[in-house]
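> Those sequence lines, one after another, are chains L and W.
Residue numbers in the first sequence follow my numbering, run continuously in steps of one, and reach 376 at the last position.
Residue numbers in the second sequence follow my numbering, run continuously in steps of one, and reach 1376 at the last position.
There's no promise every hint is true.
[What the hints assert, rightly or not] Once the Cα atoms are required to be at most 30 Å apart in a straight line, the calculated DSBU-like pairs of lysine-lysine come out as:
hint : chain 1 : residue 1 : chain 2 : residue 2
1    : W       : Lys1100   : W       : Lys1006
2    : W       : Lys1327   : L       : Lys38
3    : L       : Lys47     : W       : Lys1038
4    : W       : Lys1100   : L       : Lys327
5    : L       : Lys327    : W       : Lys1047
6    : W       : Lys1327   : W       : Lys1297
[Stated by the list, open to error] These stretches of chain W come out as covered by chain L in the derived footprint (C-beta under 8 Å, 3 or more residues):
hint : stretch
7    : 1022-1036
8    : 1296-1302
9    : 1357-1371
Because the hints were derived from the structure by calculation, they are not lab data.
Ideal Cβ positions, reconstructed from N, Cα and C, are used throughout, including at glycine.
Number of protein chains: 2
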Amino acid sequence: MFELIKTENRARRGRFTTAHGTVETPFFMNVATAGAIKGGLSARDLKENGCQVMLSNTYHLHLRPGDGTVRALGGLHGMTGWDGPILTDSGGFQVFSLSKLRRIEERGVHFASHIDGARIFMGPEESMQIQANLGSDIAMAFDECIENPSTADYVAKSAARTVRWLERCVAEHERLRANPDALNSGQMLFGINQGGIYDAIRIENMQQIAGLGLPGYAIGGLAVGESSEEMYHVIDVVEPHMPTDRPRYLMGVGTPVNILEAVSRGIDMFDCVMPSRNARHGHLFTSEGIINMNNRKYALDTGPIDANCGCETCRNFSRAYLRHLLKAGEMLAFRLMVMHNLHFYNKLMADIRQSLDEDRFEQFKTQTCDMYGRRI
Amino acid sequence: MFELIKTENRARRGRFTTAHGTVETPFFMNVATAGAIKGGLSARDLKENGCQVMLSNTYHLHLRPGDGTVRALGGLHGMTGWDGPILTDSGGFQVFSLSKLRRIEERGVHFASHIDGARIFMGPEESMQIQANLGSDIAMAFDECIENPSTADYVAKSAARTVRWLERCVAEHERLRANPDALNSGQMLFGINQGGIYDAIRIENMQQIAGLGLPGYAIGGLAVGESSEEMYHVIDVVEPHMPTDRPRYLMGVGTPVNILEAVSRGIDMFDCVMPSRNARHGHLFTSEGIINMNNRKYALDTGPIDANCGCETCRNFSRAYLRHLLKAGEMLAFRLMVMHNLHFYNKLMADIRQSLDEDRFEQFKTQTCDMYGRRI
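Please model the entire structure based on the sequences and the hints provided.
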């Protein structure tokens, strides 16, 4: 399913085939938590914005509208109208970051819905069942997201349990796919490497899950407060133990500089809420760093957000109009600014791929980080 | 500027030329209060939705971002990117409905901003100056919006003052247009008929303002709580005294049935926040009446809002998806539902025009009101 086209040092240019189309790697997934991009973007907007893969959240969709409802609507593809590849996370991260009254046991996790307090249980089997109902192209293994820092003892025990959970995920995923009516018949299951900031645990865990021969692997448990240097160190430690013929996904990362650094360390896939969340606060990515659209100095600025950007917002609207809409609380502000930031990320990935095609990625990375002033 | 193409009984089919293009009448203006349609619609969306004329609010834009700022950005056309005709109201209605600490005198109105309490004065001259800065194609005269009901004595005095204000508006409008740098060089000024629910005052007022030979006339002070029958009665009383060679605008009206009834009484122009406001609450116009998208029965409904509708929302998204987005508080819900409701209104006007072209408006009106069950 994954074709490694070429490499430049450790950076990789590839092609990844899913049940809903082929994806050029490296790529960035646009986050549609509850089946819609925050800020009022539709599937059509994502297509126009150069998005290749949409990411949705198992936890949110399980709670609302319910994965049974999503399945009845033809899965996420049928419900949202997005006909490209979709990745769903496992729900694990949100169970640990959003829900209340958590209790973890070998079987899985008991928690209370952050919406209405309803008591819910989710384990590896439940996560696979929900993701089957969502009908995503890529399902993620159910894992525990530990706090950072945690003791080596706790991390080791958690990582070992996550491996046992992964084996149960694999079994349940296969069982569900055997159903002739399954929405997940073409779905791939990715394993997730854990181990906190402990090199030995990370390596042992990666070796164990690589042995399962899954179609893709992620590095999880990062982008939770550690420094960028710690993150790069974990990639450096884990990457040599990741299969070269499978896509590698760095979960929840990150800034444009983070992405460039991770690509240079052999990562192929990314996702992050940063572009859409920043946009909703008026913080916009440009080729010269992040600008704050709340700033009074833009009140009469008739230029686009970024003169080098070709997104719908920059082609049609001025900084002054965007600032006015933001100050007036108009939804159009959020829509136009989210479109810009997502376009910025999707364009960055396209530029990375082109530089790899032309054997000049390292040069592109250096120039781009310098251009951003390493401020983003 | 206004060409009356044909009539069917009192209903009129016409063509109205403005500085930013020709408009087919009768038409409905889409309300972009602060220079953007609520719900995240841009100028491009309005075009795709069949909107002919955008309406923006003088009061809101004067307060934020300030009409001086709008002027510096090239007026509303330059700021918003909408290149079609724009009508601005006078600010009068909002001064009386939104602001606090009002004090009315012959010169104008003192009031406090509803945003930050700033003390502001607006009279006929100020309203014309602001609308000149906004650069709209049609400016509305500054008038007092009285409470309903008010005594005949008060209404008569207010209507007389509104005529004096109108004469000052005309003088100031001419003075401003003479400036070679004026954004309002092609701007038309419409007069507004007042008189509450008192036939004699309405008629006398209409005769007085018709004498000024303005390029268009509105009926104001309706849609403020009176019954539909009272509204139709006022139109019946005033319309015979309106010039036939000028467009007639019924301000702030109304439901689809209201519009059909008003067209049959000789009205050409409408505006109302109802389609966008209703949409934000999930109340959607269909060929069978208003449906409430919050209703649980739509949770698994894979059909469009209205099988007879060709809007982007109905072409691409199901009731079930919209209900999910609405329940999840996703901005996309508001955007898609506002697009549908505005399309419904714009399509209604296109159907009205076609029926007039084909000499079957009365039949269309009866069939359509019956189809709605007179529920909207």
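> Hint by hint, which ones does the structure fall short of?
Per hint list: 1 and 9 violated.
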